[in-house]
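Student: Residue-level listing of the chains:
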Amino acid sequence: MHARTTALLLIAGLVIPSIGSAKSGDGASSSLSFERDIRPIFQTHCFHCHGEDGVRKGGLDVRLKRLLVAGGKNGASVVPGDGGKSLLLQKLESGEMPKGKEKLPFHEIELVRKWINAGAKTLRAEPDNPEDVLISEEDRLHWAYQPIRDPKPPAVEGLRSTNPIDAFVGRRLADNKLKFSPRAKKRTLIRRAYLDLIGLPPTPEELGSALSISHGELVDRLLDSPHYGERWGRHWLDVAGYADSEGYTEADTERLWAWRYRDYVIGAFNDDMPFDQFIREQLAGDEMVPFPHKEMSQDKIDLLTATGFLRMSPDGTGSGGINQNEARNQVISQTVQIVGDSLLGLTVDCARCHNHRYDPIPQRDYYALRAIFEPAIDWKNWRSPRGRAITLYTDADRKVAADIEAKAKVVDAERRKKIDFFIERTLTWKLKNMPEKLREPLRKAYLTESKKRTDEQNKLLKAHPSIRQISAGSLYLYDREYNVEIGRLNREKGEKLKLLLAEAKKKHPKEKIDEKNLAKFDAEGAKALAEFDSKMKYYRESLAKKVMDKMAADAKAIRDTKPEEQFIRALTEVPGKYADTFLFHRGNVDSPKDKVLPAELSVVSLPKNPIPVNDKALPTTGRRTAFAKRLTDGTHPLTARVLMNRFWMHHFGHGLARNPGDFGRLGEAPTHPELLDWLASDFMKNGWKLKRLHKLIVTSQTWKQSSTRTQTLEEADPDNHLLARMNVRRLEAEAIRDSILTVSGKLNRKLFGKPVPVMEDEVGQFILGKENLDGERKPGKAVDMQGEESRRSLYVQVRRSRILSMFNTFDAPDMEPNCTQRSVSTVAPQALLFMNNDFVMQQAKLMGERIRNIEKDDLDRQMRIAWELAYGRFMTGEENMRATKFLDQQRAQFTERKHKEPAKAALANFCQAILSSNEFVYVD
Amino acid sequence: MKQNSILTRREFLERNALGMGSVALAWLLQQERLRANPAKPELERPSFDTLPKQTHHDPSAKAMISIFMQGGPSHMDICDPKPALDKYAGKDFPGKIKYDNAAQASPKVLPSFWKFHKYGQSGMDFSDLVPGFSSIADEITLIRSMHTGVNNHGQSIHAMNTGRTTRGRPALGSWLTYGLGSFNQNLPAYMVLRDPSNLPVEGVLNWSSGWLPSLYQGTVVRARDPRILNLEPPAELRGKPQENYLGFLDDLNRRHANLHPGELDLEARIASFELAARMQAAAAEAMDISNESETTKKLYGIDKNETKDFGTRCLIARRLVERGVRFVQVFTRNQFWDHHGSIRSSLPASCTKIDQPTAALIKDLKTLGLLDSTVVHWGGEMGRLPVIQNDTGISRVGRDHNTYGFSMWVAGGGFKKGYIHGATDEFGHKAIDKVVNHYDYHATLMHLFGLNAERLTYFRNRQEQTILDGQPGKVVTDLLA
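The listed protein sequences derive, respectively, from chains R and A. For what it's worth, our numbering labels the leading residue of the first sequence as 33, then goes sequentially. For what it's worth, our numbering labels the leading residue of the second sequence as 3, then goes sequentially.
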């Protein structure tokens, strides 16, 4: 895996003019208004120093036109109708303002000039207090904050599909004089459906069976597959920021129990849990489970597990050597960020330090949102990751464990006794080498408690460090000394023995004499030898490490028989306990300002704030329960839209709005706003059922189109905003690996469970495997993974600092804290991986073996099988000729190189080429 | 420009993937775009690369070869003579001392077994152990006052190599390649020549990119095939078989691309295999020393058993730097310099292995005109104590760890020539004059590369992280030419 060598950036996607909606403000100068056209520019660049937080540099506040005209210390800033006399314009043009590197782009300065020259108009009378326009009328008109409508699917002439999706898409196509592309071939659709819905290519058997049923039946079958939840659960885990480690610090401590949340997500998708319920459980499942959280049934456990969603953000607070306040606050803010990205589709985090520069999210709103979560993530009453873990131990487990612990303690006690013995031995031995007169004082000094030692004793010990430093922890060092002694004695004994035997033989030439019967002939000599033995025995008995290690291992072995204590990584509140939330001045935790009450974002808020400070009906505050209820009440303008857009993106490669995590001013507006709304309202009306939505999308004419580009389409809509064809898409990192394993036949289809560990190999790449390092981090023997190494990629441990190198190479996300949209790069290290990587070559070999097991000798058949396995289609005649030639070439090469099995090697290499090919890693 | 029409493969390649120039240009344009729209919420992940970067100021150094001597070479036996050791020979050390190995600890002072002489115009002292070093005295800066202050190998290695004693931070080479990029996009920017026998202490963490993007991790050249994982095929595929494979694959991909006219990603992926093949060829060429002259090979000691391996790796290091690789680190085997015992016989063996090849590297770089722009570093993570360890006879005595004062040398790339910096106390125990901490060393190195160590930052945990990590690292101007 070569993520880590060299990158050569190949810019694959070129800059192509966008067909997305135009931004406002391009109209005639007479219609320019402060509220709609100018204020957003100032909000982005100027408010920070001229208006916000009581800061008015040069006495100037630019938040209202009226205040601009009034001006600051240098007089009027804007002279309506006369840009030339307006100080503001001069400052902008000269680049004096804004301060810092980032200046206003030319077109924005022009806009300001035109607006001033046209009389510096406002749309309405301005309020007395500039604070009252944190959210303007114009802000509220932004598409994403409008109520979700339920538009009627438009009529489209000649459209045969009755699927409403096709009506909306067809309408826009017709308006742009375009038509749907033809339907893709059946085999193409089968492969597309498999990879889209379950993330695995069809096996030849599945393909055969799929060919005999309708597309709709196939979709049902795939949605029923347990692999569906794995595929679509993984998508959700991206935006939730799923990881098996805490991140934040270099240690990147492992999260041992996060996988339960991963399994909960897979299960929820497979069960087609209504998505509103899914959201409520993730945000507030804990408030549905009564205290105490003990001896719980599975459904209660699941509800608590669901809140793992709010425990996915990096959390370094369990580690030392960090600024706790900063680390804690980062946990809160990143949790809010994950909620914002996944359910609100807004970059709320940008309002943490100041009012949002682009969107109508005042800083106060940010802290109101934060207040919803703060009772559970209270930085003043912090609970470390370990402290938050909820045990699944039952009382019965506890009893069994206690009995086992008692047995282990017996071994511990024996071990301690043994340590005392070793220390005494070593002390005596070391003292023996000291001058007679020092022995007693040294022993006494050593045995005296260090605080009670006299100066003289300290001095004595300092001069004899090898005695001073004898301790349980250093005994292993003295083993080396003993071993040197044993070696010496052994040598001396050998020499002596040789001598004695020679002498004895001289005296008794006819006898057969060896060490065993020497005593018969030379009693004294034998005795001398025995003395060596007894000395060596004494030293051997003094060797501490082995014995101590063994006893420690024994104790551990006993403890290992305890029932495993499992935990849930959940978010809970401590009943009856919640602290106030404060707005932090410029985001600084050390500068708390006003107290803020929990509330949803103002721009989408209901007339009456539905979030209680403390819901008396619940033991905990109920803030999250109320928030979840509001998000799923069917009237929230963001939730369902954001979800529909996200799901659409996973089906088509792009969302209808192309920035799934930013529905604000900077994100692209949806290309099909009516379709987005229709999907959202249809989804909510029909029980928030995701599988129903999948079926609707995947059986639409839109989805079933061919992906081929044509000259007409390229000229009209190169980026495919209008959806006149399907998009060709590269598989994600996980799907590439899963596809390879499927085709090689090695995929382990087991569901759920603990993550498959990732370790460093000998050069530092991250591969699957159990770490086995010595104290100096040198690798030991490889640990047998027992088939776990072939499990689906979503079960591979997501340790933030150790992303599997193969995944990293293919753009797997860094969870810092989450990923709203994956990027796709095409770089040389990916090619190198397919050319030379161990995993790829091994899987290619396995694929070759699999093929030979089906067809032993017939080369032609072998090639055809490979084609169907990998591409799900028949080989063409031309392909057949080319492949035959290649296999002949390789066989000749390997024969020439005296390869043991040239035919096998050639077939393996042939499979490697197939796995490397574009057709395999892209979906049509 | 008919930007929206369907491009043929040739058109695509002409525009986008022919050679580095156009790729670099595309990248620059992209950066320009990013710069034009600052302070926005991130819509896309930032991308990273190893293309050359703008430095903070004009650099004097462009590349670096670090000859890392893990284990701790005994400075008072090699390059920091201490007559006081002879005076106190066998007597108790008068000060306080911290031992690593308790069982064999002894307070008795151990004088050096070797004779020292002065060399070069500066009169730099070297013992008889390192005749090669003696011959380059006029080229190097000898620092006698190094200090990390943590007495374990692992922690001190991390201090020298990553800036902090803790595990998990990016290596020096990662920082440099992150900040500077590389001149050759066909070779990894940061390469590691490990010892054939085993991994150094702390294993692969020595070249880990920590939390910097993995792109900046060191790429290891192994002693066995394939020498660079993923960048070299196994022997059975090397040459013709892999050429055939690439040809067949190219054919498959072209057929597929023909069915998808205008699908630029497919064309890009085809080009990426061509590029990969070029990188592979470049790596093989760089590591192949068969075209080097016999004189050069002899200079590095490749003709002799005891210096063959290390000499070859030093020569490859030179070849890599010559080809634009930014940072090369050469390692000795695990604890090669950790002379706790039998120092009298084992230290000479260690010195012999590295002395001639290292000196050859300096001479060779100088001849090629590369020394002025290439920093060469020779040193480890610690030195050794002035007292005896394992007091069981003269052939078995050794020296324990010492990170409070030790020596290393640097040359080229803007370091002074023929200069001795700082000093340890009269026993060589602690650095007392002009102390250079690991973070000072890093700040100085960065400075030579045109970087300000405080300003080369990576944003993580809402903070701008630096190699110094808040430690008071200062550019040691005395070291600069």
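Careful, some of the hints might be misleading.
[Unchecked claim] Here are the simulated EDC-like pairs of lysine to aspartate or glutamate, each with C-alpha atoms no more than 20 Å apart in a straight line:
(1) R:Lys-491 / A:Asp-94
(2) R:Lys-218 / R:Glu-189
(3) R:Lys-936 / A:Asp-94
(4) R:Lys-537 / R:Glu-517
(5) A:Lys-98 / R:Glu-556
(6) R:Lys-146 / R:Glu-163
(7) R:Lys-877 / A:Asp-94
(8) R:Lys-464 / A:Asp-393
(9) R:Lys-930 / A:Asp-393
(10) R:Lys-917 / R:Asp-889
[As the list claims (entries may be wrong)] Quick list of the computed label-pair ranges, beta carbon to beta carbon:
(11) A:Asp-374 / R:Lys-123: 46 to 54 Å
(12) R:Leu-243 / A:Asp-252: 28 to 36 Å
(13) R:Asn-355 / A:Ala-91: 48 to 56 Å
Source of the hints: derived by calculation from the structure; they are not laboratory data. Every value quoted in this text rests on a predicted model; they were computed, and no experiment measured them. Note that CB positions come from ideal geometry on N, CA and C, so glycine has one too.
Student: Please go over all the hints and tell whether each is borne out by the structure.
Tutor: Do the hints match the structure? See the list:
Distance check on the hinted pair: Lys-491 (chain R) and Asp-94 (chain A) sit about 12 Å apart at the alpha-carbon level, within 20 Å; holds. Distance check on the hinted pair: Lys-218 (chain R) and Glu-189 (chain R) sit about 26 Å apart at the alpha-carbon level, beyond 20 Å; violated. With a CA separation close to 71 Å, the supplied pair Lys-936 (chain R) and Asp-94 (chain A) exceeds the 20 Å bound. As the CA atoms of Lys-537 (chain R) and Glu-517 (chain R) are separated by approximately 30 Å, the hinted pair breaks the 20 Å bound.
Restraint check for Lys-98 (chain A) and Glu-556 (chain R): not satisfied, since their Cα atoms lie roughly 51 Å apart, outside the 20 Å limit. In summary, the hint linking Lys-146 (chain R) to Glu-163 (chain R) is not supported, as the alpha carbons are separated by about 26 Å, beyond the 20 Å threshold. Pair hint Lys-877 (chain R) plus Asp-94 (chain A) does not hold up; C-alpha atoms about 67 Å apart against a cutoff of 20 Å. Between Lys-464 (chain R) and Asp-393 (chain A) the CA atoms are separated by roughly 15 Å; this keeps the pair inside 20 Å, and the hint holds.
About 58 Å separates the Cα atoms of Lys-930 (chain R) and Asp-393 (chain A), which puts this hinted pair outside 20 Å; it is violated. Taken as a hint, the Lys-917 (chain R) and Asp-889 (chain R) pair is honoured in the structure, with Cα atoms around 17 Å apart against an allowance of 20 Å. One distance hint, 46 to 54 Å for the beta-carbon pair Asp-374 (chain A) and Lys-123 (chain R), holds here, with the actual separation near 48 Å. Checked against the hint of 28 to 36 Å, the pair Leu-243 (chain R) and Asp-252 (chain A) passes, with Cβ atoms roughly 31 Å apart.
Asn-355 (chain R) and Ala-91 (chain A) have their C-beta atoms about 51 Å apart, which keeps the hinted 48 to 56 Å range intact.
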